[in-house]
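Let the sequences and hints guide you as you build the complete structure.
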Amino acid sequence: MSATKPAIFNEMLNGEQVRSAYQNLEKWYRSMPAELRSLKQSEAEALFRRVGITFAVYGEGGDPERLIPFDMFPRVMTAEEWRKLDRGVRQRAAALNAFLADVYDRREIIRAGKIPEHLVTNNEAFEKAAIGFRPPRGVFSHIVGVDLVRTGPDQFYVLEDNCRTPSGVSYMLQNREIMMRMFPQLFMESRIRPVDGYAGLLKKTLASVAPQKCQGEPNIVILTPGHFNSAYYEHSFLADLMGVELVEGQDLFVEGDFVWMKTTEGPKKVDVIYRRIDDAFIDPLCFRPDSMLGVPGLMSVYRSGGVTICSAPGAGVADDKAIYTFVPEMIRFYLGEEPILENVPTWQCAKPDDCKYVLENLSELVVKEVHGSGGYGMLVGPKSDKSTIESFAAKIRKNPDNYIAQPTLALSACPTFVEEGIAPRHVDLRPYCLVGETIELVPGGLTRVALTEGSLVVNSSQGGGVKDTWVLAE
Amino acid sequence: MRLSIRHITRYRFDEPVRGIVQSQKLWPASCDNQRILSWEVTSHGGQTGAEFTDGAGDVIRLATWRGPLTELTVEVTGEVETTDLFGVLRGHRERVPPSAYLRDTRQVEADAALKALSAVALKGMEGASALDRAHALSRAVSGAIAYKPGETKPHTTASEALSGGVGVCQDHAHALISIAHVAEMPARYVTGYLQASEDGFPHEASHAWAEIWVPELGWVGFDAANECCPDERYVRLGSGYDALDAAPIRGLVQGAAPEEHLEVEVMVNAVQSGQQQQQ
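In order, the protein sequence lines correspond to chains G and Z. Using full-length UniProt numbering, the letters of the first sequence map in sequence onto residues 1 to 474. Using full-length UniProt numbering, the letters of the second sequence map in sequence onto residues 1 to 279.
Any given hint could turn out to be false.
[To be verified] Derived contacts from chain G toward chain Z, CB cut-off under 7 Å, selection only:
id, residue
1, Glu117
2, Thr121
3, Lys128
4, Pro284
5, Asp290
6, Gly297
[Unchecked claim] Calculated Cβ distances over 12 Å to all of chain G for the following chain Z residues:
id, residue
7, Ile8
8, Thr83
9, Leu122
10, Ser142
11, Asp231
12, Glu260
Please keep in mind that the hints were generated in silico from the structure rather than gathered at the bench. All values derive from a computational prediction rather than experimental measurement. Ideal placement from N, C-alpha and C gives every residue a C-beta, glycine not left out.
Spelled out as structure tokens, the structure:
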């Protein structure tokens, strides 16, 4: 181990010692014959194929119906570890929503000088069309996905927030379902907190933000861009679980003060739309005029209080990588609390001093595009050769505002099945926090794992896999 | 000055269409520059619906028509009492921060020529007031783009208009917004009406101009097409990032869209004091 490279935290092992949370699993693994393991692995794959859970990979060509690799070795968190994450994630979701309600209203955080105005109002995700409108209960981001990494026994960092339409929750649910089906005895031996209440909580959350004009039980729909979208499976899966309609833009229309759904029994009023379409595409009469995916006139109905859109148009301004730096400040400003979860130290290349430091230390940093996602367009300094670093440096010099940089964190590793048995692989965690009348969080989330040895990129679009995530009961 | 306005928009379709949805931004807001005495928007044969006032202070209303239909008419009539405030928009209630109007859209994005136009216009004006700089930018646009109808299209960009050297009020407004943004001055597109007069300038009664943010004064209108600031002959309708965003009517035909024919008729007249009393 070199001096500059901190030790990697192994979530199962403390030296030679197996941590108590993993003892059952370690025994389970050791008693499993190799043949049984490969049998189970192909069984898992068959189950995933049968339910149809696939994830198209952008920009890689090949099979868009490719399965996201599932690793059978669960990731475990103790009740105590979870308690901190639970409080921290809820706190963050509350602060992000308070920020959104503020920047589209009085902008007090800007007046107070805590966040530079241009970072907000000049942000691509800042929607002029959202200014001066308070959505039901003041909630803009109803599903907040917080990406967490761990570097030590008590060290968790927030890597980024996702306030628009974070995907992947169907994997959280299916991973558990499949593990329980294949290894029921594991769930008898350990007290693992269930995650299957998610769909019920999601429905409750969406119902709780129905517009005032809605009388009686709200009609909730999921608006999908269609089956060619990479997360289409998830859209239909969640619609099924909640017992709500999955619709495309062409299934809806506006008339009078409301949005209507075409049905065989005639038009039915829609009260809450959980949209899985980006802002730019939801209403061609307000945003991109060429969008065929949205509903013309939707924004007028929304702004006049006839329908609720989840997440609210404009919610993306809170999860921008340039705004991320200020989330701890938001928590202090709106909640009067100290942040429970830490941010990763971040250099903004938009600032000349930061940019200079970044360019001088590229080989040790991770550099990301401000608006990028999915692990594309990023540089992992320690894993890149000289020419890659040099060409990336040129890109930063050309458009510094577009980049931020962070230290290469020693992400924790979890035991993961490999050819020879198990080996530690780096992981992250995305819990899904629901914000409506109350803030809800199921114990768990989606653990993504970098399956390539030494790799730190866990994105499913870059060859990452997923694991079942266990939170142990008290 | 008391102005009466009649603005008729007629759409005709070669084949019957299934339905139409429109988002209408057709209501002028009352402010110190203009007092709305009467105003009526009629969507003939259509159903009006959801209505709200957006952050920029503009009323936006939904109108829908169920087909099959081959023709529709939107009629606007009203009377407005205007006051000349030398282009300064005063008393207009809005909530959008000026800095939000630094954003470039496809139609106002500056190319090298627009950047150069901005720089040349402001050369030697480093110490000048924001108002003087804004005037200089407006003059530069008036000089660079000659008024000539029929040469540009609704989707023409500022850079295309500048390279062609000709355009209509929309192109002047886009170019001015563009070069104001280059100078880091918030600027936006404004739609409205202009009373025709015989001062030697060609006028379009259905008009557009730009507003530039001048910190000491607020939003100030600049009509580069007519080389002036809006005065009592102008009625301000609504605003946006560009012509698309500010459009008085944004509409969409449901289903297959046949060939569409658009007819716009605008009459803006000064109401004589004698007529005022006849009401």
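Here's how the hints hold up against the structure:
1. Glu117: Interface hint status for Glu117 of chain G: holds (5 Å vs cutoff 7 Å).
2. Thr121: 4 Å, holds
3. Lys128: 5 Å, holds
4. Pro284: Pro284 of chain G check passes; min Cβ-Cβ to chain Z is 6 Å, inside 7 Å.
5. Asp290: At about 11 Å, which exceeds the 7 Å cut-off, the nearest Cβ of chain Z leaves the hint on Asp290 of chain G violated.
6. Gly297: With a minimum Cβ separation of about 5 Å from chain Z (threshold 7 Å), the hint on Gly297 of chain G holds.
7. Ile8: Per Cβ check, Ile8 of chain Z is outside 12 Å of chain G; nearest 21 Å; holds.
8. Thr83: At about 26 Å from chain G, Thr83 of chain Z clears the 12 Å cut-off, so the statement holds.
9. Leu122: Non-interface label stands for Leu122 of chain Z: nearest chain G Cβ at 21 Å, farther than 12 Å.
10. Ser142: 28 Å, holds
11. Asp231: 28 Å, holds
12. Glu260: It holds; Glu260 of chain Z is separated from chain G by about 14 Å at its closest Cβ, greater than 12 Å.
Hint check: a violation occurs at hint 5 only; the rest are consistent with the structure.
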